[in-house]
Each structure stands twice: as structure tokens, then as C-alpha cells.
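Chain A is already provided as a structure; the job is to place chains B and C on it using the hints.
Protein chains in written order, with our numbering: chain A, 1 to 262; chain B, 1 to 251; chain C, 1 to 692.
Simulated from the structure, these hints should not be mistaken for laboratory data. Please note: incorrect hints may appear among the correct ones.
Claimed, not checked - Here are the in silico distance ranges between beta carbons for each label pair: (1) A:F72 with C:T19: 23 to 33 Å; (2) A:I189 with B:P57: 25 to 35 Å; (3) C:T302 with B:S216: 19 to 29 Å.
To be verified - Taking lysine to any residue pairs in the SDA-like style, the calculated list, with each CA pair at most 25 Å apart, reads: (4) A:K31 with B:G32; (5) C:K133 with B:I37; (6) B:K171 with A:K139; (7) C:K158 with B:E188; (8) C:K561 with B:E188; (9) C:K248 with B:G204; (10) C:K170 with A:Q2; (11) B:K104 with C:L157; (12) C:K561 with B:F184; (13) C:K412 with C:R54; (14) C:K248 with B:N181; (15) A:K139 with A:M217.
In this text the structure is predicted, and so the values were computed from the model without any measurement. Using N, Cα and C, we set each Cβ at its ideal position, and we do this for glycine too.
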Amino acid sequence: MQRELLFDSATWLVWLAPLLGVLAAGLTTRKDPVVKGDRVLRHDRAAIIEHWTHGIGTTVLLVSGIALGVWFLPALVGSGDPVWTMMDVHFGAVLVFLFGTFYYGTNTLLATKRFREHLPTKDAVEYTKRHYGLLLGFKKFTMPPERKYFESEKMAYILALASTVTIIITGLLKVAAHVMDIPAGVMAIVTPAHDVATVAMLAFFLAHVFFAAVLPMSWPVLRSMFTGYVDLEYAKHEHAGWLAQLGYEDARTEAAVDETAA
Amino acid sequence: MVDKDTSSAGEIVPAEKTGTISRRQFFTGVGGLGVGIVLGGTLFNGLLLPDEVIAIPASQGYLLVDSKKCQGCNTCMMACSLTHHGVQSLSLSRIQVIQDPFAKFPDDKYIAQCRQCADPKCVTACPTGAMHVDTETGVRTVDVAKCIGCQECVYACEFNVSRAGWNFEEKHAQKCDLCLNTPFMDAEGGPGGQQACVAACPTGAISFVSEIPVQSDAGYEVNLRDEGWAALGYPIDDEGKVSPAEAALAE
Amino acid sequence: MATGGYVGKILRLDLTARTSSVIETEKYVQWGGGHGIGSAIFWELCTDKTVTGRDPKNVVTLMTSPLSGTMAPSASGRVEIQGIGTAGYPINWFTRSNFGGRFGGQLKYAGWDGIVLEGKADSPIWIDIINDKAVFRDAKDLWGKDTQETQQLIWELKENEEHGWTEIGKTRDSGRTTQKPAVITIGPAGENQSALGCLVHDAGNAAGQGGFGAVFGSKNLKAISVVGTGSIEIADPAGLFNARIWAKDEYAAAPGQQVEPNGPTFGVDPAPVFLYAKNPDGPMGPQACQGCINGCRARFETGIANESSCQETSMYKAFDVLAHGEGTDASYIATDLVQKMGVNSYELMQGMGYLYALSKMGVLGKGLEIDTDIDMSRIGEADFVIDLVDKISNREDIGEDLADGFVRAAEKWGRLEKDYAAGILDFPYWGYANHGYDPRAELEWGYSSIMGDRDMNEHGFNANFWSVIKHMMAGMEMPVSAEEYAKITTSKMVPYQDDMSMVDYSTENMYSESFAKLVVWQRHYTRFWKQSALYCDFRYPDFTNYNREDNVGITGDGEPKFWNVITGQDITFLDGIELGRKIWNLDNAIWILQGRHRDMVQFASYIYDIPLENSLVGPYYPMAGKVGDEWAYINTLGRSIDRDGFEEWKTHFYNLEGWDVASGWPTRETLEGLDLAFVADALAEAEKLGGV
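In isolation and in its complexed conformation, chain A is listed as follows:
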């Protein structure tokens, strides 16, 4: 026989989760990036929480959503119980995702410079060409002074932002459809939009996981997503522009000072 979905028996949690995120942001103390000895504080505790709640939420949402059948792709789970279980998993991930995303969003609204540092600058195309041209082995390119986030990452952020916003709006409407009558004409746009955003999100997700976690050269910065700190030497090479923003002086100058002192 059938059993009730969590989306129906516990809908209130879906409204609660984002509001908890907002509240939490209001109560959060932030630490700004700073150089500390041979390492740099890149992500404070709040950033780590934001990232992983949003990230794990996204991962489980993508897996469960695709398993349920997205757009023109058939479901991967069996009828009945497996579908309901997967929808409950999706529900759980929704809560984590909404908390994390609204926590991030509110934190960002409270310090809009954190938003600006995620947006691509006028250097976007040039820096990316130099950075990846060098990576691909074209020796004529030199490493640009990337800032906290690579310009290429900042361009990808636009995709992540757009798909996240779309997925949240359409997702909340889909949840609202469980408790009130939403016109079919609206749902006829909402669900396909949710699916398109899913595909966009998946594209971002795969690229992000590859570049940020799979590529060995990114492991230093991956570490910072757990510990908060990134290696100073690494930052000098990969994020020279960021260090300049933090007021850090180049080691060559210090060494020259040392030599003259010796």
C-alpha cells in the first residue's frame, strides 16, 4: 500500500530550514582572511559550514533527483517504496541544502564584499587564458596574479548562482504545491525549469569537483576547505593577487632584507 512522503508529513521543516539559516547567520562571528606564519587563513568556520552544507546537500539532491528521473531521463529506482524512499532522501537533502544556502546568502548580504570577491572582473578572460594556457603547456603564458578565487572559478560561480536561485525558487514552489493549489500552467513551467537547473547544477558540480578535488594540483586548496588554511608558498604562486590584497609583501623582498642583514 502507499505511505506518506516526508514532503507531506513534515513540510514545515522546508520552511524552517532556510529561516534557521538566516538566524544562524545573524548570530555568526566572521573571521577575515589573514596570513599566519607559513599559512594563510582562507576559510573561517562559517565558510566551511556554508560550503559543506550547501555542497553535501547539493550532492544528495543531484543523486536523488536524477534517480527519480529528471526531464527526459527515466527513473533509476523501482516503483512504489523505492520512489518514496528516494523522495524522502531528497527531502532530507533539501533541508540541509536550504539551511546551508540561506546561511551563505545571509552571511553574504551582511558583508557584500564577500559577494563581490566571487564575481568575475575585467581581467576574467585574460587571466584565464594565461592561467590555463600555462597549465596546458604553452610556455609563452605566465601565471597571472589570481585573487582569492580564480577568474575561471568566478565565471563558473555565475552558473552556480543562477542554477541555485532557479532551483530554490522552483523547488519551493514544488513544495508549496503540496500544501496549496498552484495552477497547472505555473507548474508546467516550474518543473521543467527545475530540471534544466538540475542539469546546469550537475555540470557545475562535476566541473567543480574535478577542478577542486580530483586534480592533484588543487589538493592544497581542498585542504583549506577542511582546515581553513592554505599553504603560504602555494598562495604565493596561485593567488598572488589575493596576497597583495591582504597586504602581504613578497618573500624575495624579505630574503633580500635577510641577505643584507647577514
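Frame of chain A; chains B and C shown alone:
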């Protein structure tokens, strides 16, 4: 352009002030109030409000199918899939004829058509209102745009073969809508119009009626067999147990 | 891209290697469907056409048409099976059989237009087709089981029920159905490769003629099961629905009502067609093949002989009455038995007549010249037919002699010529049993059969015999006079529509060119519209239809209408007949490569030497014919076929076909005119091209 960040680590970044409330205070307040409203509202709904009873209008039409008159040709099933989906398929038909070639008459056929229940479990089971009652006609049918593919309706149907079907090609639930939405049938459908299966059935084993049929758990009480049918050599009593030859002897 | 109605793929099974591959239907769409495609595929894939039916190199096709599984009335349920048979005498002709039910529809829903079987499995197998997957399964638990048990065992294997629906595959969207698998299977007779073995589907659909049971058995193939959850695209869906309603409103019997009797045609009511001595009169309900406009069978409160109608119900009639003075349950048991055991009821019917005659002559019996343990004095009882069928199925006792059919048994017993001459071996053409529509009376039945490879089993003109007989028995006047019948019928027989003498069955006309035209027309019409497009023989052609004011039937309009609305093509009735002519020429080329020549196209001797005095209903065999200048329903009994007259008639036939008159072989000119130059080349290489 990006400015140098001149603040030092460890300090709470002062929020830009707008008026007497800081941004931080605003969000903390919104968050806290929101949490309170949600929790309070949930408590209220869960403990204090009585369950609503919504009256569901009756369907304005029902399909009577006399399985003893059915010849098992599946023309009704083909008519259904053709007029609704433009293709021939038995799996996509909203009326299902199930047979056992080796069984004894009248137990050799079972016809699972939607009974347009007065208390439609499929409608109440649907979380999004996709499976709903059409206000104009009383037809219990699916708003495809609202279906989330949870199949609760399929499992909620009270009868042994679910009358709420799963359209695995288009990925949504579907069921007999008395031909309310039949893009491939020229004639008007719905309770006020034509039903494809009724029109196509060669033996006249399906009949459309407007009043709720007399029924039990086993099915509608239906006997569409008349003297013309007896002339063909088939029984016309309700149970299908008295052949015309036997009836003639009894007289 | 295949047009509407076709699903685009044909399943090719190599039984030796146990592998499957796909043939694109597109390659064969020009041949229409059913028989046309089957012959074309056989021509290509069976490289040595002289092998016998039991040879692993025999290629068997089961083919649907674009109409299968659709709402086309009485054209949705049939499947055409072809290959070299085991029954034809003296040559195992490349032959055809056909069965109804729901197998064709399920095959189409599974995504297949047909199946090709090649080779031979090294141990008993059955084929399990579920949508696009075909799995070779071990049949050791099915081998030895009758057709009912086999099907029920296969049905039990399908699990995965979700609230009354069976799911295919493991996921929510992989497809579901409420329908049982459609299975075609052999019984023990086929397993033991008796030519009397046939194929059975559900309770009463059988491909009986041609000995395909033995062909399956020789390939170690027990059964083919198919489950399809897909859909068939239709070129004009609303048009198809409208056409079905048009056919129902304009031509069919009013739903659930008795109508004026007619032969098996489109307008009859769904009363079951029983030919028992005593028809069942207990509670029963109608049963029809998929998509039929009005069915011809029933299922019973007894459950005995479900879905059996027509000939298989008359199989034991004569002996039941002989033994009991009237019909009894023995007949129902006998009919039920041959369905379950998968034995050819036509062979058995005329064969029992032969065995009875031999026993009466003191030739067949215990300790006699043809020794058998079967108690011939029990003929007419249930135990007799059970014993005989058992011996046939297991090839024991005379069952071994009968394993290649009754005619070869007679030959084995050294009695063929004399028993033919005596008229007691009623197998008039190619070793096939007399259908009851004897060549001497119903001329076209014999002519069509002998010009082909088997008992033709095409009721188009026979319907008139039944129409007249039924009116006679009911004391009713015929709604059409013989002349009206002739006019209505011949007007539909394009391109010969101006010759009413085509349906003149009088002795004066029996060897005429006009009568040859009828048979030529019939070969071409049936080859495409019935055996390729798969319009059911029991409803088409519909020449005269008494539900209509003008008594004019649906044939000519109906056939192309449904074909076009489903496929999206725009062919005429005559286009179909022309394609039939092409397919007929290809078939003849195959027979010629098997050894066919005009000289061997001869009836059994009694057809020439013994006048026919009785029809299966008595001393009357009414067909339309002229008496002087007047048309009437004449009695065609009391004559035989004249040998010289038949030769004259054959010459007319070959001339009309454009074949060499001396050999009966098609000429290059005729073949090239049909785009069959490659056939002409093959015949030329075999030195069998007509006119060379």
C-alpha cells in the same frame, strides 16, 4: 574594482547601518521570527485544528462493462491508447481486459475500468492535487503538469488491478477520464460526449451511464445482455449461468 | 525510417549459436508485411531451397503486418508463419500457415515486426522475448508438456507484480502490463517431429497446416514467448479511429444483435461458429482475436475446447454420430485434445476417415496387414481419439508411419495409388486433407490449392456456399440473386471487373479463361491483402454484406483505407493486388527451384475419376452459375474434373500470369515487369526460367 580589506582578523565586521536597525539585527530578527512562526504554526495545525472534511463531487459519468458480453478482443484498450496518445498500446490503456484462455466462463475475463469512486482514494492520496476531481464534470483525472511521479495514486486504488495507471513513456500517472482529454478523437469527449471504448466495442459490452451504478466490492452490477444476445446462444441472466437452451427448457 | 504501423526491426535468431541480431524492416517495407516480407527474407537467407523441412538450414519466419496490434478491424490479430514444411507431398514445399489471437500484437508492442529462425539448437530451448531483449532459455522443464501446461508454466515465471500490473525490468519507467505473455508452442507431436504436429497459441489459435510443429521440433525449439509494453506509431490516429467507427456503423452487425446469416464475412454477428454434431448449449461467452470486428469463438462454463470453432469442432463429428447415433461429449473431448496436444485437426479428420475405411476393408487392425494396437472398433469414443493422438504424438505404432502425414503413410504401406483411386484417401492436392470444399464442386478451392502449394484455406468465394446453405436451412430467401451476387462480387475483382463469368461455377464454364481469371485474382488478392497485410480470412473478402441496403460489402474500400490511415501511404486496392502478384511470382520461383513443373500440377486421381455426390451438408453444393443465359444458385455436385479440361484451364492460368505455358515457369519479361530481375537471374542459372 576590489579594495584592500583594511579590517583585521577577529573583529566582527561592522555592518552598514541603515537607520536605527543594523543589517545583522534585521536578519537575526527575521530568522528568529520566522523560526518561531513556523514552529508555532506547525504546533497549532498539528494539535488544535480539526481535520477538514472536503466534499468531493460525484462523477457525472461511469462505464458499465459487462464482462460476460465482452469478447476479449482488446479493441477498447486500443481505442483508449489511440485516442489519448495517438499510438496503439495495451500498456497505456486506461481500461484493462485481463483474460485466462484456459479458465471457465464467466471467470475467464476480468475487466478493470475506473469506477469513478465517490470517495476516490487516488485523489486523496495525491500530494500535489495532480490527481483531482474536475469541477465541471466530476471526472477524476490527472493534471499532468502537477504530477511528481510519486505513484501514491497507483498504490492507493482500492481494487486489485490499479485503475490509476502509470504512464512510463511520459512519466506521469493517468487514468480513465471518460475521454475528457482525447486529442486524437474528433468527437467531443467527457461525460457529455463520446467515450472511445463505448463507441468502438463490437459487442456493446460497455455502456456509459450518468448515475452512480449499483456496486459491491467485486464490481458494478451490470447486465447489458438482451434477447438479441440470447439469440446468438449466450446466457442473459445476471450470473451468466443459464444458457438460452436451458432457459427454454425451464419454461 | 519505417512508416507508421511498422515498428522498424525484425528479430533474427540463430538457434545454433543462440545469438540474436536485428534486421531493419525498412529493407523489406516494399514487400508490405506478413507473407511478402517472409518470402523475401526466405529467398535471401535460405541459400539451398531444396533442403527438407526438418533440415537445420530451413529458414522459418513469423511475420506481422503494419496492421497488427492496431484497431484495424479483423486485421490486428494474425501472424503469418513460413518456411519449408514437412507436410507437402511429393515435395516439402516452401509453405505458409497462419494463426490468430494476440501474439502478433504483443510482438509489435515489444518492438518487433517479425521473427526469423535459423539453424538448430543443440538441446531443447524456448525463446523469451521481453521488449527488445530475446533470451534463449533451457526448455527441459517444458519439453514433454502439452500446449496448455507449457503456456501456464511460462506465465508463472513472470513476477514483479505492482498492484495488479506486472513490471518489466527493475525501474519505475521500464514498462508494465496486465497481459500474460503471448506464447506459441508445440506439443509432444511437434517435439517428436511428426508432420502432424502444429503450433498452438492460447487455447485455440493454431498454425495447423504445413507441419510446422515438426519444423520447430527439428530445431529443438519448444516455444516462443513475447511480452511487449511499447507502442505502435500510427500515421493518422484520429483517422484510424474514425475508420474503425465507419466500418462498425456501415458494415458490421449491430452490437450484440443477431443478423441475417452469411458465410464467414465482415457483417456476421459474434455467435460462435460450431460444427459439432451436437453444439454446446451450456453457458458460454464470446471470444475473439485481437481487434476483431465480431468474433467467431467462445469460452465455456466447462472450460473444455475453449476458443475452438469451425473445423476443429467438426473433426470427430462423423464418428461420434456413427458410434452414438448423435453427437456426444466425445467430440468436445477430441477437439480439446488436439488443441492441447498440438495436432493438426484437418489431417486427423480426413485421416481417421481413411483409417476407418482401411479397418472396414480388413486391412488395418490388430494382427492385420497394417498392424496396430489401436482398437478400431472404438472409433467415435473419447478413448479412441485419445489413444490415436497419443500414438501420433509419440510416433508409436502407426504413429510412426503417420509421422510424415497420411499420404506418405499410404505410400509406405504400398497403397497410395489404389486408395486414391478408390477415393478413400481424401487428400486431393499436395498431400493435404480435403477441406470439405471439394475441387470437383467448388472449383476455385481445388484450382487455387493445386496452383499453390497447399490446401488454400481462403473462404472468399466459399462464403457464398454457406450463405445459400444457411438460408436454405433457415427457410429464408437469399437477399441477393445469383446474378446480383455475381455482379457485386466481380465488380470488386479489379482489374478483371468486367467479366461476370469469373464466378460461373457451371460445368460448361469450369475450364474457361474466365474461371482462370478468378483464381489468378484470388492468388494475388490473398497473397497481399490477406497473407501479407493480414486481413483475416474469416472476415475478408467481404463481397456481399447483408447489413447494407445495397448488399455491397466492404472489400475494395476497407482494405486500402485501414492500410493507408495506419502507414501514411496512399495505395489503392489494385496496388495491393499488384504487390500480391509480385509476391506470388516470388513464391512460384521458390517452388520452381524446389522442383516444380507444370507436369506435376495434378490432383489425386479420384478427383478426375469419381464424381462428387455429397457435400459436407448433404446432396447439395450450391454455387452461383449460369444455366443457359440465366444465373442461378446451381448444384455443383455430380461431376468430376476432366483431365484434358484441366490442362486447358492450366494453360489459361499460365497465360494470364505471363508464364511459360509448357513448364509453368515465369518468363523474364514477366519477372522484370515486376522488378524481379534478380529472380529471373536465379531461375536462369538453375536453367528453370520460363520460355528459354
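Structure-inconsistent hints, enumerated in ascending order: 5, 6 and 7
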